[in-house]
Amino acid sequence: MLEYTPDRRPTGGLRLPAHKEASTAQPIARGFVPRTLVLALQQHQGPPTTPVVRRGERVLRGQVVARARALRSAAVHASTSGHVRAIEDRLVPSVHAVHRTRCIVIDADGEDEPLPPGAGSAWPEDPEKQLKSIRDGGIVGLGGGVFPTAEKLGPQTPCKVLIINGVECEPYISCDDMLMREAAAEIVDGALIMRELLAAPECIVAVERDKPQAIEALLEAGRASGDASLRLADIPTIYPTGGERQLVEMLTGEEVPSTHYPSEIGYICQNVGTAFAVHRLVRAGEPLLSRVVTVAGDGIARPQNVETPIGTPIGELIEFCGGYRGDVDRLILGGSMMGYALPNDEMPITKGSNCLIAAARTEVRQDFSERFCIRCGNCGTACPARLLPQELLRAARDNDHALLDEFGLTDCIECGCCDVICPSHIPLTEVFRNAKFAHARYQRQEVFSAETQQRFRRHEERERADVQRGKDLQDQIRHEVETDEPARQQAIEAAIERARQRRSQDTDSE
Amino acid sequence: MRFDVAPGPHTAPIASVPITMRRVLYALAPAALAHVWFFGSGFAINFVVATVTALAAEAAVLRLRRRPTRVPLNDCSAIVTAALLSFAIPPLAPWWIPAFGAFCAIVVAKHLYGGLGRNLFNPAMVGYVVLLISFPAELTQWIPPRMGDLDYQHLAFLAHLSYSLTGALPTDVTVDALTRATPLDLVKEGLRSAQTYSEIRAGSLFGGIAGRGWEWINSFIALGGLYLLYTGTIRWQIPIMLLVGLLFPATLLWLFDPDRFATPGFHLFSGATLLGAFFIATDPVSAAESDRGRLIYGAGIGFLTYCIRTWGGYPDGMAFSVLLMNSAVPLIDRYTRPRIYGRD
Ligand code: SF4
Ligand code: SF4
Chain A
1 MLEYTPDRRP TGGLRLPAHK EASTAQPIAR GFVPRTLVLA LQQHQGPPTT
51 PVVRRGERVL RGQVVARARA LRSAAVHAST SGHVRAIEDR LVPSVHAVHR
101 TRCIVIDADG EDEPLPPGAG SAWPEDPEKQ LKSIRDGGIV GLGGGVFPTA
151 EKLGPQTPCK VLIINGVECE PYISCDDMLM REAAAEIVDG ALIMRELLAA
201 PECIVAVERD KPQAIEALLE AGRASGDASL RLADIPTIYP TGGERQLVEM
251 LTGEEVPSTH YPSEIGYICQ NVGTAFAVHR LVRAGEPLLS RVVTVAGDGI
301 ARPQNVETPI GTPIGELIEF CGGYRGDVDR LILGGSMMGY ALPNDEMPIT
351 KGSNCLIAAA RTEVRQDFSE RFCIRCGNCG TACPARLLPQ ELLRAARDND
401 HALLDEFGLT DCIECGCCDV ICPSHIPLTE VFRNAKFAHA RYQRQEVFSA
451 ETQQRFRRHE ERERADVQRG KDLQDQIRHE VETDEPARQQ AIEAAIERAR
501 QRRSQDTDSE
Chain B
1 MRFDVAPGPH TAPIASVPIT MRRVLYALAP AALAHVWFFG SGFAINFVVA
51 TVTALAAEAA VLRLRRRPTR VPLNDCSAIV TAALLSFAIP PLAPWWIPAF
101 GAFCAIVVAK HLYGGLGRNL FNPAMVGYVV LLISFPAELT QWIPPRMGDL
151 DYQHLAFLAH LSYSLTGALP TDVTVDALTR ATPLDLVKEG LRSAQTYSEI
201 RAGSLFGGIA GRGWEWINSF IALGGLYLLY TGTIRWQIPI MLLVGLLFPA
251 TLLWLFDPDR FATPGFHLFS GATLLGAFFI ATDPVSAAES DRGRLIYGAG
301 IGFLTYCIRT WGGYPDGMAF SVLLMNSAVP LIDRYTRPRI YGRD
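Chains A and B, in that order, give the protein sequences.
In terms of my numbering, the first sequence is residues 1 to 510.
In terms of my numbering, the second sequence is residues 1 to 344.
A couple of the hints might just be wrong.
With a Cα cut of at most 25 Å, we get these calculated DMTMM-like pairs of lysine to aspartate or glutamate [said to hold, decoys possible]:
| hint | chain 1 | residue 1 | chain 2 | residue 2 |
| --- | --- | --- | --- | --- |
| 1 | A | Lys436 | B | Asp344 |
| 2 | A | Lys436 | B | Asp4 |
| 3 | A | Lys129 | A | Glu196 |
| 4 | A | Lys160 | A | Glu3 |
| 5 | A | Lys160 | A | Glu254 |
| 6 | A | Lys129 | A | Glu202 |
| 7 | A | Lys160 | A | Asp234 |
| 8 | A | Lys436 | A | Glu264 |
| 9 | A | Lys160 | B | Asp344 |
These aren't lab readings, by the way, just hints derived from the structure by calculation.
Bound-form chain A, shown alone (with noise of 0.2 Å):
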């Protein structure tokens, strides 16, 4: 495998203080089991699954609990042996926010009990039964977006370039570089399955400069792989080079349009724990069961990376890594930049949780008074979407919905790049977070507006139209009697008529 360095620079972006010494100072801690299971049916962006288990019945470790629907979905599994307890509805968290979900509730046994071997299926030969099998086997997008991979690796757009992400630039995280140093060869291995699935002519790892060992395990695994093709890209250490956008930027120079996802102009971008979660599927029959999650922060006793089963409540995790230490000010799920905030911790690992911060007060931001702004720019030089986040607050503010699209509201990533960076504290991503809600709901009255003023036009043509339809009438009989003597006699008379009829219907009526 050949490393090298693009020579582009990140547009924006920030070095920050990368928080991950102390969960970086130990291997992977595996083997946890825990005592309770919470599997959301819905933990890829999709239809939800179908459970096709029932309350009190017992399943095995690896064992399908609710089935993908054919598109967009993927499979969830148990990830240890117990009983079901319940089918009920709880709150998970996804994406970007905590929702309230059907959830298989399990009470684990303790016995760990995989299902009997040679009971998943093999890896099929075709390409159809290959994505199928990926789907069945609850692969999502490990990296945070619980994208089905299934969907990523479908042949609809020709692929340029296979990516994998292991540039992993948010602060605190740090599962994908233990598992990159840990399984490097696996990793590769996954790749070059995707890639064949996907026959991208290329296929690009990339990797943040500040992990040497995981570049140096991967270097030696690609090796060994003796695929010529594959390439290491080292990335600068600058948040947030791992988003998608950002990767796609600086590998190829091209920028992924507005509207479109990178996939839509031939790159596919996969994260390394997604091509580990592949080549274990294809290789050892075995779906998605459990991922590495990061627990760190300095409310945690042992800050470590930990192996853990999807479902497992967060609590117990936290329990698993010593418990809390000191006053812990806020649980956050995910990176300290784009991670929120969780109200507590009884909810579950799901797929996309790849960290878990406990921090203390001195981690976060403690005083909330801003300042004006003082148009120092600072946001500007720092965003990578290149907007002009001083500019959209006063659009914001000013709820001037015009200039919010001038200004690129929907092109903010929320990366909070422009919210640290702030030196008069202004929380940019919070009113921008915001704003995109109120925007939206904006643009859905304005395009029902417009179709209510549309239809109100129609019928008031249609109105108008009939109304001068009757004038026009009018005018012609009038026109008519006018200009016709013995017609305007009969007119007269037929009106006589009609008159003298009427009061004889009247006085016959009394």
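Using the hints, position chain B with the ligands against chain A.
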């Protein structure tokens, strides 16, 4: 266990307005000390008067506008304005000169536009220009630097203070006897009366490159500017382009006719060139917002300054150039908007 939630990003901010402003003050400190060493305590007196007036005016206006006073007052921006103004005012000035200048800067230039962050014009420069137009005589009372005139008698601190407060000078001294033209004045007048540049330069007020004393003060200002660049308090676009905008025409014309035009070195170390490049034009509020816009903004200020110095009616043109470019900022911003990622 339950937790409080708060919006992300979940990290402490890495910059703050008071820290930025304080850094600016630190960066100005060496130049201020040099100023006092070369020109006497006048600078210190002016600075104190300007600071007190600026803070009092800011507090009063905030009170009038029914705004909280604590947060805006402790951001140090009023002190920065006062310091910049003090560098522009001659050391020998009655107390109401810095007071009036600071008052105009804070009340007219800053708060009538809505306070820090909303002002269209650079407050310190507005204050200075108002003074320059209203009290041209007082603003040209520059005194020579130490070592400029060898037989020159410098005023002691108390004499400075008493002149500032009451206008009284020691019995055997008059204002006329104290004041001298600045190097920029001399060059301008000299060239106008058909002296060659090298003849003018032979005068005792000149040092190695530019005016005696001024060279040093401006070197310290450049040092402060480098500190600001190094700490990331300012970015390079404005200062570098300002210097380019000024030195490029200066070099061209000087090469063309070294007798009739001052050297680029003289321009660099005279008047407000370096102060303007690193401290005045970089005021974020009144500058262009995008990096590209700032290139144009900086270059414009430099070029205008050169034009005013060479052909205009004032010996230095930094203040006017800054204000002119301030008024061009909305236009610059409109045409230098960065292209959004993924859009045409
Ligand atoms: S970083 Fe903050 S203060 Fe500076 S321009 Fe942006 S919003 Fe304004
Ligand atoms: S949060 Fe949005 S506006 Fe701010 S830097 Fe990131 S992309 Fe730019």
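Hinted pair lysine 160 of chain A and aspartate 344 of chain B, Cα distance within 25 Å: Holds. Lysine 160 of chain A to aspartate 344 of chain B sits at ~22 Å (cutoff 25 Å).
message: Checking one constraint from the list: CA of lysine 436 of chain A to CA of glutamate 264 of chain A, max 25 Å. Satisfied?
response: 24 Å, holds
message: Does aspartate 344 of chain B sit within 25 Å of lysine 436 of chain A, going by the straight-line distance between their CA atoms?
response: 21 Å, holds
message: Holds or violated: lysine 160 of chain A and aspartate 234 of chain A, Cα atoms, limit 25 Å.
response: 20 Å, holds
- prompt: Keeping to a limit of 25 Å between CA atoms, is the pair of lysine 160 of chain A and glutamate 3 of chain A held or broken?
  reply: 19 Å, holds
message: Need the status of pair lysine 129 of chain A, glutamate 196 of chain A: alpha-carbon distance at most 25 Å?
response: 14 Å, holds
- request: Starting from lysine 436 of chain A, check that the Cα of aspartate 4 of chain B is at most 25 Å away, please.
  value: 24 Å, holds
- prompt: Can the restraint linking lysine 160 of chain A and glutamate 254 of chain A be considered satisfied, given a maximum Cα separation of 25 Å?
  reply: 12 Å, holds
- request: For the pair supplied as a hint, lysine 129 of chain A and glutamate 202 of chain A, confirm whether the alpha-carbon distance does not exceed 25 Å.
  value: Holds, because 24 Å separates the two Cα atoms, which is no more than 25 Å.
No hint from the list above goes unmet by this structure.
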